[in-house]
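Trainee: If you want the building blocks of each chain, they are given just below.
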Amino acid sequence: MDRLLEVNQLTKRYAQGNVLARIVITAVDNISFDIKPAEIFTLAGESGCGKTTTARMVLGFEEATSGTILHNGKPHTRKEKVWITEGVQAIFQDPFSTFNPLRTVDSYFHETVQNYRLARRKEEAIALIDQKLRLVGLTYQEFAGKYPNEFSGGQLQRISIARALVTDPRLIIADEPVSMVDASLRMSIVNLFKKLRDELGVSILYITHDLATAYYVSDRIAIMFRGNIVEMGPVEQVLMNPRHPYSRLLRDSIPQADPRLRWRDTVTLAELEQEEYLRKGCKFAGRCPKVMEICKRDVPADIVIDDVLVKCHLYNESGGGS
Amino acid sequence: MTAMKQTILRTDQLQAFYVLDMQGAQKIVKAVNNVEMRIYENEIYGIAGESGCGKTTLLKTLFNDIVPPLRLVGGKIYYRIGSEEVDVTTLSPEEKRKLRMEYISYIPQGSMSVFNPVLKLKETYEDFVRSHVSGQSREAIFELAYKQILTLGLPRNILEVYPHQLSGGMRQRVTIALASLLQPRIMIGDEPTTALDVVVQRGVIQMLKDIQQNLQNTIILVTHDMGVHANIADRIGIMYAGKIVEEGTTGQIFSRPQHPYTRFLIDSLPRFGDKNMRSSVPGSPPSLADLPTGCPFHPRCPHAQDICTRQMPDFSHIDENHKVACWFVGEGHHGQVA
Amino acid sequence: MNVLRDLFRDYRFFFSFIVLMLVLILAFMSIFSPYDPTLWNVVPRDMKPSAEYWFGTDSNGQDIFWQATFAVRNSLIISTIAALVSRVIAILVGMVAGYTGGTTDRVLMFISDSLLVIPLFLIMVMLAMLVRQYMNLVVLGLLLSFFGWAWDARLIRSTILSLREREFTRTAVLSGTGTVRLVLNEYIPFTMPLIFSTLINNISWAIGLEITLAFLGLVNLNIPTLGTMLNWAITYQAMFLGRWWWILTPVFLSLFLFIALYWLSVSISEYLDPRTRIQRVGA
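Protein chains in written order, with the numbering used here: chain A, 94 to 415; chain B, 3 to 340; chain C, 10 to 292.
For the record, the hints were derived by calculation from the structure and aren't laboratory data. Nothing here was measured: the structure is a model prediction, and the numbers come from that model. Positions of the beta carbon are idealized from the N, C-alpha and C atoms, including for glycine. Treat each hint with caution, since some may be false.
[Said to hold, decoys possible] Partial chain C-side listing against chain A, Cβ under 7 Å, derived:
#1 R173
#2 E176
#3 T180
#4 E195
#5 P198
#6 F224
#7 G251
[As the list claims (entries may be wrong)] Residues of chain C placed beyond 12 Å of chain A at every Cβ, according to the derived structure:
#8 V32
#9 T47
#10 E174
Okay, chain A solo, but in the shape it has when bound (with noise of 0.2 Å):
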């Protein structure tokens, strides 16, 4: 088994708008990818571009609208629950909601083991519940009956991820879990996600827009925007050598913490949203600084070199070079 989750031609149309004024706005555009056992695959881009919807796709609390997800070569439907069926588990992006105020954060823990009849006494429940939790640097005793706003940020999403472990997941499904964490406490989450991936061979979709992190912690990356992967492939090509002038912009646009590496150039910005999503052709044609006529008309094919994948039409007759 090379392939732990195998998405194919994955696609999710919403209609907006009322009976007289509908439009369908393809919020994931056929895309297909897949992750390997003990991997960190990265789904990056800005709001908007489909990553969490394709999260929730993964998860199965949406349903696609076409397409299908493999889940150890099996498919599955919205009904089944994968997360029991298959050890998928998922961290969200905003720690103090993860956690009912009113409820202590054990009691999750202890759900869990109940729910998953992980344990058939309540010490056994506690040891294990300990176990996970010292794999993210907690201990039980510090934290059993507290509520969540006891913890800070950084401390929830840690007893997060503690959480997601107790059924002993293969897949773990990140939806921007750094991003309302502070800058100056992120790198305890990531590691963590590196040393899941190491020890346990836990793998791992990383979704964010934050592509510094990405590139530390993730083996593979994949650039969405506006419903398409536009490339894919090792983080190390795809953002150190990025081919598709989205993913260039991109990059560039992280502000580097370093005051030598200042932007000079200056960057157009979509003026409406949901033109680029019904545009024909390739939908980045409106801002992109190599832009052809034949962006304009036709949707770029999928091209591979070396291992990346692009979806542009600078690269459609050679194999590579721009």
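We have chain A; now place chains B and C onto it with these hints.
Mentor: Just chains B and C now, with coordinates in the frame of chain A:
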């Protein structure tokens, strides 16, 4: 160049605490604790720190918007208006209101709440301007607004729409345009780019820089993102637990950070092309309602010594413009019990 | 006990608690009444309040104090039945509509919206006339409850709708929690303040409506309630004939009851509000 710079905003031993009554028990949150700062004309001053370090409260205090439960416990805030320095904490509410927009303006983080959702943007603009400048005709206001909008490269028809029709980034840019419309001498931004996408964030930062260049005014910018500071700020103040612990030019802060906390902050940032192990600042930020004794960073500091637990260090000046409050920085053991 | 101590810091709670206790004691005293409340001419007519007849007597020859104990008891029974039954309906409809969504939601909300828009009072007057001969405390309570749930079901539904989108719902789902447990553990605590305050508001609404119906003579006037007492007093022109004790007794009793119930609901819902609860937990 620095000697010639005029101070435009100065605080003196500023202390602003939240006094909360929690079911009978009083709780004091020391959000701004003995802050002394000088901010110059024609500069972008960045304030960096973790969430819950008091940076938003410091901004509110600098904006002279101190409303209960926040209380000014001690110290003064001076604005230099024209050629004289005014202690603005003593002004009447009417005088304070007059200063807003025209002299000092505020850019909030969530721009949705700035605009009235049922009014077109131009109507909000009109109301805003009316309440600050009397005797302007409708046409004159719009002429001013349109001129500015074109200068800033925003689409001309943007004032004809309702706030919800704009994307977050566009709305934030209109908010900034409005905040700078009356050419204030000081603009204060509280995480103005945090909720935005990276490309849009870049556009907004670019716009802030352009405005500052045009007006030659002062921008005070709070954000936890050191990358943003590196890109825009001239000088940076590092805030920790209600205090400024280090201050210097952007170059100094990034190339020679002195305070252990600053070093952690900068070292914890991932960089492209460098996959070496990085670690977070250890521990968690302290609660402002229950501060550690002495230097508030000592429980998280790997270099902490006995003195750190007992006494807050004074600033030592390691360089021109560069000062740091740490017992182990500077010429030996500086300022032993000042 | 901490709960009560915290609540008693609020003067509104303190006041309403005392008033409600007095009212309850009054209702409880009906057991010791020396007279049958349905019999007339058991005491001399139209006596002013005195040591023997504390609140005086009325033109039917009934002792107003003892009559009032029955009236308060019956009014409370009616309104409690109305409030409890309508709460059960509101919670069930609101939870099911909010959590299931889709067609179920639309059907349930159509019914509750219909109840909200049709002129409730007219329907109730007609129904009351229809069932007048079978009218007793329970029937009246059920009648009121049938009209009292629609708005609160909507409130509960909208709370559930917003809670369903919160991330902790998904955390619970990923923890393997089923729907029923999810609703009971995660959502009910958030709707508690709402349910409590609407419960109390509903009690005072039911008391008020009962008074109105009785005032119009649409209930069994032989059952003493605050409304029927008032009805009798008005019918005998107690006000013009200077028998103020007769009319003021039900008026003051209902007034105190309304104020006490209102303040109780305000202070309790403030106390139960998740936001203030979270602050307390954090303190």
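Trainee: If a hint holds in the structure, say so; if it doesn't, say that too.
Mentor: Each hint tested on the structure:
For C/R173, the suggested interface contact is broken, since its CB lies about 12 Å from the closest CB of chain A, more than 7 Å. Restraint check, C/E176 versus chain A: the minimum CB separation of about 5 Å is within 7 Å; hint holds. Interface restraint check for C/T180: the shortest CB-CB distance to chain A comes to about 5 Å, inside 7 Å, so the restraint holds. Of the supplied interface hints, the one on C/E195 holds, with its beta-carbon coming within about 5 Å of a beta-carbon of chain A, less than 7 Å.
Using the Cβ-Cβ criterion of 7 Å, the hint placing C/P198 at the interface with chain A is satisfied: the shortest such distance is roughly 5 Å. Nearest Cβ of chain A to the Cβ of C/F224: about 44 Å, over the 7 Å cut. The hint is violated. Against a cut-off of 7 Å between C-beta atoms, the interface hint on C/G251 is violated, since the closest Cβ of chain A lies about 58 Å away. Non-interface call for C/V32 relative to chain A: holds, since the shortest CB-CB distance, roughly 33 Å, exceeds 12 Å.
Every C-beta of chain A lies more than 12 Å from that of C/T47, the closest at about 50 Å, which supports listing it as non-interface. A Cβ of chain A approaches the Cβ of C/E174 within 12 Å, the least distance being about 10 Å, so the stated non-interface status is violated.
Consistency with the previously given hints fails for numbers 1, 6, 7 and 10, ordered from lowest to highest.
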